[in-house]
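Use the sequences and the hints to build the structure in full.
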Amino acid sequence: MDKGLDIIPKEGLGFKSNNDNTKIVQEEFVVGKIADDIIQEMLKEKQDNPDIIIPYSFLEFYNRPEMLNLITSVHNYAKSLIVINFRYSQLRQEGKTYEATRYSEKQSLILPDLVRSIAKKYGNLILKQKGLISSLDEINFFETVIFFIVRVVKSAFTPEQGIILDNELNRLFRSTAFNIAQRKNTESERVKKFPQLKTSPKRDPESVINSIIMRNYAKRSDIKVSSFESVSRPAFTKISPYKAITSRSPLISLILPSPKDKIREFEEYRRRVIAKSAKLPELSSRS
707 MDKGLDIIPK EGLGFKSNND NTKIVQEEFV VGKIADDIIQ EMLKEKQDNP
757 DIIIPYSFLE FYNRPEMLNL ITSVHNYAKS LIVINFRYSQ LRQEGKTYEA
807 TRYSEKQSLI LPDLVRSIAK KYGNLILKQK GLISSLDEIN FFETVIFFIV
857 RVVKSAFTPE QGIILDNELN RLFRSTAFNI AQRKNTESER VKKFPQLKTS
907 PKRDPESVIN SIIMRNYAKR SDIKVSSFES VSRPAFTKIS PYKAITSRSP
957 LISLILPSPK DKIREFEEYR RRVIAKSAKL PELSSRS
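According to the working numbering, the residues represented by the sequence shown are 707 to 993, in order.
Everything labelled a hint here was simulated from the structure, so no lab data went into it. All values derive from a computational prediction rather than experimental measurement. Keep in mind that the hints are not guaranteed to be accurate.
Now the in silico label distances, taken between C-beta atoms and shown as ranges [to be verified]: (1) Glu849 <-> Gly738: 19 to 27 Å; (2) Ile832 <-> Val736: 21 to 29 Å; (3) Tyr804 <-> Arg970: 22 to 30 Å.
The C-beta atom is built at its ideal place from N, Cα and C for all residues, glycine as well.
Okay, structure coming up:
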């Protein structure tokens, strides 16, 4: 079984199980209440650590309709990813590899429209906030927006699901090349798998060199972080040195597409049309 395919939905938060079969049911995502709870947590964290930056402009804006609508769209996308990933894993465990692949391919067709909805609402938020904050405050404002949205959405899922959602949602807002969450979670996984990589309190030249050697020695394949590799995610590109230089946020690419973005979108559309023409195998509700 591939790592990252055996993530079980969180019981009581959008999912319900029984002895015969796992049923996936939607429950209400009370975005306003959750947003208020997360803000209180963030303010408490700032009290404990004054170095944390929470712009005043963000505190005035976090519960406006533009923000709450954006969070709801991101949650819908995250929930769809989790459901597809879970059902794919379930079919694989039942030995239905072909059906699992076809199911993932078909269900992934709904994802581009969900991401377009996020991009539209993100663009609306940018336009609403533009001019209301200074240029110096702008970076902190949007960094806090991304952090806040991801944190609110992750709160509706298990910690295991939260890690891969953290990576995927930051990819959407920042791009693969500048996905801070991916690097942070990968490094955390390294330390868990290889405790000797834990940072030494002594930072003398020799310890720094030894730390670099050990990190290079650890195989990347051995520290792979769980991901949605079973799902065809919109605007996903594998990174390379050239792409890292020219990479853009997938959401910004949807709002203001470059010629290259338009070509990629056309190719994705063509693949969706081809996939839609193929018949999806009937999936029984019971094994």
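Okay, the hints, checked on the actual structure:
Distance hint for Glu849 and Gly738: a CB-CB separation of about 23 Å, consistent with the stated range 19 to 27 Å. One distance hint, 21 to 29 Å for the beta-carbon pair Ile832 and Val736, holds here, with the actual separation near 25 Å. The hint said 22 to 30 Å for the Cβ distance between Tyr804 and Arg970, and at roughly 28 Å that hint holds.
In summary, this structure violates none of the numbered hints.
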